[in-house]
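Novice: Sequence:
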Amino acid sequence: MSSRTSYTPDIVELPHCPYGASCYRLNSQHFMDYVHPEGHKRSAAAVDSDPVEASSNSKASPRSPGRQAKKLKRSLGDDSSSSFLSGKNDSNLSANLCESIGLYLTTARGIDAHFNDAAWTCDFKKILAPEMGNLQTSVQFNYMFDIPGG
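The opening residue of the sequence shown carries number 1 in full-length UniProt numbering; numbering runs sequentially from there.
No lab work stands behind these hints, which were simulated from the structure alone. All values reported here derive from a predicted model rather than from experimental measurement. Treat the hints with care, since some could be wrong.
Computed beta-carbon distance windows for the label pairs [to be verified]:
no., residue 1, residue 2, range
1, H16, T137, 24 to 34 Å
2, H16, M144, 29 to 39 Å
3, D117, N142, 15 to 25 Å
4, S22, Q136, 28 to 38 Å
5, K41, A113, 49 to 59 Å
6, F115, Q136, 19 to 29 Å
7, Y24, R109, 38 to 48 Å
8, M32, I127, 22 to 32 Å
Glycine included, C-beta positions come from ideal geometry on N, C-alpha and C.
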């Protein structure tokens, strides 16, 4: 006999903390984003604390990009293909999707067009446009990949 467990689509299973029982993290948001072993000292303290108070006292943003991405994925459903995202409102959709996860990916010149999918990328003119509001913080990452020609 096999036992069956019911699936509730509203519940998202959290990943296990990569540090396990030796987790040293102090951020209460970390404990809301990852499962820790039972009896973990910091995990118990973080669960007992008020998350609103903890986030208002910390310098970090109260929104977690990982959580926002999961929420966005659930709201879009399983059909998040490019055909679903294409259409006349690509720039508005792009801004809405990027804003909901708090991350903007900029377009790049000189690469294949499918890497600059309008659903996930914006150019700097769009990001810095007055309609987007005031820029609060910014970070830039530059990566170089050696892609062998085939």
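Novice: Give a verdict on every hint.
Specialist: Hints versus structure:
1. H16 / T137: 24 to 34 Å: Given a distance of about 30 Å, which is inside 24 to 34 Å, the answer is holds.
2. H16 / M144: 29 to 39 Å: Roughly 33 Å apart at Cβ, these two residues keep to the hinted range, so it holds.
3. D117 / N142: 15 to 25 Å: Because 20 Å falls inside the window, the suggested range holds.
4. S22 / Q136: 28 to 38 Å: Holds, since S22 and Q136 (Cβ atoms, about 35 Å apart) stay within the stated range.
5. K41 / A113: 49 to 59 Å: Distance hint for K41, A113 holds at roughly 51 Å.
6. F115 / Q136: 19 to 29 Å: About 27 Å separates the Cβ atoms of F115 and Q136, which means 19 to 29 Å holds.
7. Y24 / R109: 38 to 48 Å: 42 Å, holds
8. M32 / I127: 22 to 32 Å: The hinted range 22 to 32 Å holds for M32 and I127, with Cβ atoms some 29 Å apart.
No hint from the list above goes unmet by this structure.
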